[in-house]
Structure formats: C-alpha cells, structure tokens
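For the protein sequence lines, the chains are A and B, in the order given. Residue numbers for the first sequence follow the numbering used here, so the first one is 1 and each next one is one higher. Residue numbers for the second sequence follow the numbering used here, so the first one is 212 and each next one is one higher.
Keep in mind the hints are simulated off the structure, nothing from the lab. Built from N, CA and C at the ideal position, the CB exists for glycine as well. Among these hints, one or two may not hold up.
One side only, chain B facing chain A, incomplete, derived with CB under 10 Å [claimed, not checked]: (1) LEU270; (2) THR475; (3) ILE578.
Result set (DSSO-like, lysine-lysine): computed pairs, CA atoms no more than 30 Å apart in a straight line [what the hints assert, rightly or not]: (4) LYS427(B) / LYS371(B); (5) LYS454(B) / LYS380(B); (6) LYS170(A) / LYS159(A); (7) LYS162(A) / LYS526(B); (8) LYS371(B) / LYS571(B); (9) LYS170(A) / LYS526(B); (10) LYS170(A) / LYS380(B); (11) LYS454(B) / LYS427(B); (12) LYS91(A) / LYS427(B); (13) LYS526(B) / LYS159(A); (14) LYS427(B) / LYS159(A); (15) LYS371(B) / LYS454(B); (16) LYS427(B) / LYS380(B); (17) LYS380(B) / LYS162(A); (18) LYS159(A) / LYS371(B); (19) LYS571(B) / LYS380(B); (20) LYS371(B) / LYS162(A); (21) LYS571(B) / LYS526(B); (22) LYS526(B) / LYS371(B); (23) LYS162(A) / LYS571(B); (24) LYS571(B) / LYS454(B); (25) LYS571(B) / LYS170(A); (26) LYS71(A) / LYS56(A); (27) LYS380(B) / LYS91(A); (28) LYS571(B) / LYS159(A); (29) LYS427(B) / LYS526(B); (30) LYS380(B) / LYS159(A); (31) LYS454(B) / LYS526(B).
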Amino acid sequence: MDSMGMIIGTWLAGFLTLAILSFLYKDNPFYKLAEHLYVGVSAGYWLIYVAFFDIKPMLIDTFMSETGFEKWIILIPGALGLIMLSRWFPKIAWLSRWPIAFTVGIGAGLGITANLQGYVLPQVQATILPLTGFTVADLSNLILIIGVVTTLMYFYFSKPHKGLLGGGAKIGIVFIMVSFGASFGYTLMARISLLIGRLYFLFHDLLRILD
Amino acid sequence: MGHRRLVATLVFLGVLALVGGSVAARPLEEGTSAPCACSVSANDVPDDGGGAISVSWDLATTDASPSVTRFEILRYATGEEPVSIGEVLSTNTDFQDVNADGGTIYQYIVRTHTRDGFIDSVPSDAALATAQWFAHGRAPSLIALILVCGSIIFFIIRAKGGAELFIRKIPGLDAVDDAVGRATEMGRPVLYVPGIETVSEVGTLAALTILGHVAKKVAQHGTPLLVPTADPIVMTTAQEIVKQAYAEVGQSDRFDPSSVFYLTYDQFGYTAGVDGIMVRERPEAVFLLGYFAAESLILAETAHEIGAIQISGTKETSQLPFFVAACDYTLIGEEIFAASSYLSHEPIMLGSLKGQDLIKIGIVYLIVTLVIAGSIGYAISPDGTSTLSRAVEAAALWLTGS
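Chain A on its own, in the form it takes in the complex (with noise of 0.2 Å):
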C-alpha cells in the first residue's frame, strides 16, 4: 500500500511532467509555473549541494581534522572563494579577477595536457594505417586517413580556402556532415529511450495502465 505521501508526489511528478510537456502547444499559465518551480528549486537544490558537499566536507571538516601543513594550505581555496566576494563592493571589486583567473588558467592547463594524452594522441596513432595491399579493409583504412587529414585541412585557419588547401577542406566537411549525421540518429534514439522512460512513468506509475 503506497502512503499518503507517495501517492501526493506521484500525482505531483505527472502534472508537473505534463504542465513542462505542454510546452509543445505554445507557452502558458501550467507550462509558467512549472518552469518557474523547476528554475528556483534547482537553484535552491545546487546551493544547499554545494554548501554541503562541496563547502562543509571540502573545506570547513578538512580544516578541522587536518593537522600540519594540509591544515593550512586548505585556506587558499578557501581565501580564493572568499575574494569572489570582493563584487559587493564596487572598489574592491577587481580583486574577484583573481580567483576567475585562478580558475580558467587551472583548467586550460589541465586541459591541455589531458586532451593530448587523451584525443590527439591515441587519435594519430590509429591513422597511421600502413596499407597492405588491395582489401577491404585497406579501403576502409584508406577512408579514414583522407577523412582525418582532410577534417583537419578544414580546420587550418591560417590560409585561405583556395587550391590544393579548397579541394582537402571541401572533402573534409563531407565527412564530417557525414559524421554528423551519424551521430544526430545515435543520439535521437537515446532521446527516444528519455521519452519512453517519462511515458512509462505517465502511464505506469501515474495512471496505472501498463502493468
């Protein structure tokens, strides 16, 4: 027997799933408050997320159980997030450009080395295909190195389209409109598999019709 409360937020869930799906016909009053709920209660949900999964266990439980020098290097994170602050007050406000530039220069770096370990390496090194002779799977290795080398003549920005350079790009966006579309039809069947999954909760969970 389902309690009181599960049946309220059942009931709850479908017309909030119906109020954002009746977007399709056009904007109105449902469709308003159930964007307006979802707005604010996220919002609500990642403060209190962040204040207790990242904040408390992260900065203010580290400070207090760790002895030494871990003990204090924590407040440099911390004093970096405090300065974020620094935007109430309009004469101070240009030290929150500290912690921003804290932050991107953190990530382009390690982003740099993780995408050349990770993408462009591996990348290369499955192109180099020696061909062996006159097989399939000599054409499908053929295949693949003019579509990386010509994807990349498509990419080099430091000369005109013209000639040679013309010839490899307009190759190289055929493959990757082809690539494209490849990926649109693998993708719109996992959105489909999203869309059973609501539906089933509407007619299973909600209205009781599929067993």
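Go by the hints and put chain B onto chain A.
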C-alpha cells in the same frame, strides 16, 4: 509454487557455499600434490606516483593436482601478521596492490585455493612503493606539449611584435552583425546563451570572447541584450565583459547589470528558464555559443519556433549535428575559437590559433609520411617483417606509450 522452488534452490546453494567455504578454508598438508604459487615476486610499479606494488607469481601444478579456484594475496610489513588484501581469478598470475604506504617495506604471500583447501607460497622479497619523477611512457605527451606550447608562444611573440598574422574569415561571422542589426530594426532583444558549463571550460571562454563583440554591436545600436547564465562565475565574467564593451563604445550609462543574470546550475532547469525567456521576450537574434549537452536541440528548436535568427557554436561533437540541423548558422568545433580570435584580434588569441595551425600541419605530415613509409614497407615485404614496417609500427605505438 515457483517461489518455493526458487527458495529451495537458494537454500541448497547457500548450504553448498557454506560447506565449500569450510572446506576451502582448511590448509592443505605439505607434501600433497596441491598446486602452488611459486617464485612470488613483488616490485614497485614503475613510472607512477607511488603507492603501488606489483605482485606476480608462477603456478606449479602436476597432473594429479586439484584445480585452482582462486588466488588470495596477503601482505605484511615487518613485525606484523599477514592480512588479506585481495583475490584474483585462478587464470591470473599477477596482482597490483594500489594501497601500499610509501616508506613501508612489504612482503607478500600468495595463497592458492583449491576445492580441498589452500596452500601458502613462500613470502616474496621485500618491496617498497616509491614515486618516480618522470613517467617514461608519457614522453610523447611531453614532447607534444613542448611543441604545442613552443609554437603558440612563438606566434604570440610574433603577434605582439606587430607581425600581421592572417586568419581566414569564418563563415557565419557576418551573420553576427546582420542578426544584431535585424534585432535593432525590429526593436526586439538579442539573447546570448553562453552554455551550461563553468568558466574553466574553453568553449565557455570562447563564447565569452564573442559576447564582447556582440555586446559592442548591441551597445552601438541601443538594442536590449539578455544573457542568462548557468554558473555564478560565468555570470560575473559576462557582466565584466558586457560592461567593458559598453564602456569601449562610450555607452557606459546604458549598461544594465541585470541584463546578465543567473538562472540555475541545473541543466534542464536552465533550459526551461531560457525557453521561457525566448517565448516571452521574443528575441530577434539568439546566440547559442559555448558548451551544450542534451539541451542543445530544445533551445535551438524554441528559437526557431519564435522566428529568431539562430547563431550557434560548440566544440561538443555530439551536439553539433543538432545545431547544424536546427540553426541558421553554426560555428563547427574549432571555428568557435577561431571566431573569437578573429573578432578580438588579441595577439595572445591570434598567436594561439596560428600555433595550433602549425601543429595541425605537423600532424598531417606525420600521418602521411608514416602511412607512405609503412605502405612501402609492406610493398617490400607483404608479411610486415621489413625494417620499414616495423619502424613505423614502433613509432605509432610509441606515440601513446604502448
């Protein structure tokens, strides 16, 4: 009826497991024909940050030996009792202890389990987990990093020195001015959506750079601008950029800080909010630039529904098909970075783009050269045993430290 059978089967299997467990827990007597792990060796895992020791062994069996069910690895430091730290399948002959304390010397015993009991190996030699300064397998990454950074720094220095660095025009950039102009004529706002990620995401950074250009145009024409953000730091940065843009065209007094605002960090909460803004404020131009995920098509479709010009761009290859299908103009992948460099004419951004172009050309030459060399190698010796084929194969493997 079916449930009773299931319960009975589970009880039977449970009893079997208990009986089997009690048998397997019994040590075998020495001199039996039990299989045993021998030559147990323990060594520090090379090229790591410390804290890991690799344990390996050989399995000694005879025809009369019962089959091995699993291996259990026990560890002890000097003066301590051995404790179990993990198990592996009977087909494995190695184990990696990833919880070793640096500075503690350990020895390992491999316990071989059979259906009749278990037998312990002779302890391994002592091993110590240490950190290495340099991971040799990542040397190609270091070389690539030096080349990338070196070429970027070289071109930045050239750009700062006043050298004219050519960048071809990006298709779709003209549309930026047209879109702002059309919004001005129609007396409707421009909506700029800088994605759903934080400011450390490079796509967000490129989107914020383009925002500066759009904000200047908007300020010149006196068109309303709306910038909903999903991250507080992105909001702060976007406010700075828009404020700066208004100041640069002498329209500081017209800058409205509330035009750049925070909605929520929640992906679909943000999407619902932006969709609501689109249908109520009816912007004439919608910019979707930065990092996007599953919400890309929802936003692009809503912008299409209200009849706005949509200019989109992201480096996320999984979302680009949706933008290409639904938007008027799309900046594909790296074009978003090139566009920000083209618009800003900042020496650092121009130099960065030119440096990356040089690396791309290098990669094309590397691939083509090695493919041709390898193919010649196969032409010389079709079984791939020629020196050229082997050299190409070794070079390709070296790239990823394999």
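Hint check against the structure, violated hint numbers in rising order: 1, 24 and 27
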